[in-house]
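Colleague: Sequence:
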Amino acid sequence: MMLSRKAVIAALAFLLTASAGLVFSLAASVAQAADIAGEKILLPAKERQVQVTVFRAPGSGPRASVMMLHGAGGFERQIADYDRYAAAVASSGFDAYLVNYRSDDDMKRLAKGGENVFEARIGDWATLVDDLADYLKAQ
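Take any residue in the sequence shown, note its place counting from 1, add 2, and you have its number in my numbering.
There's no promise every hint is true.
[Claimed, not checked] Straight-line C-alpha distance at most 30 Å; calculated DSBU-like pairs for lysine-lysine: (1) LYS110 to LYS42; (2) LYS42 to LYS139; (3) LYS48 to LYS139; (4) LYS48 to LYS110; (5) LYS114 to LYS42.
Simulated from the structure, these hints should not be mistaken for laboratory data.
Produce the entire structure from the sequences given, and follow the hints as far as they go.
Modeller: See below:
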């Protein structure tokens with residue numbers, strides 16, 4: 003089946019228009035995400051208060067939340083990337099929480115070495131994150 007020149011030009015015009023719209027939409031989303039700054043706050047958990055950085059979605063209505071957890075290296079080594087991810091999540095309509103579930107004591111123990119802090123604390127950290135999820139769900 004052979005398409006007419008007019009049909010090919012119309013299809014190309016449609017694709018270019020759709021592509022331009024997508025690029026504009028992505029650029030607007032990135033620009034909007036760049037405008038969302040994190041705010042350091044403390045949230046309650048049974049073990050202790052937990053330091054988090056919240057990136058709030060625009061608007062004032064109820065919305066879902068996303069808890070973003072760090073891996074073994076923590077947030078510190080790649081904080082700019084985590085901040086950018088959280089801002090993008092917030093620009094999509096979700097409040098994003100960067101949860102620093104390790105305590106100051108945990109960090110000292112990790113720096114000191116000589117013990118498997120991960121093995122000793124993983125259950126406590128999981129409980130703490132679960133407490134935070136319950137708290138955020140109740141808000």
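Colleague: Checking against the hints above, which ones are violated?
Modeller: none
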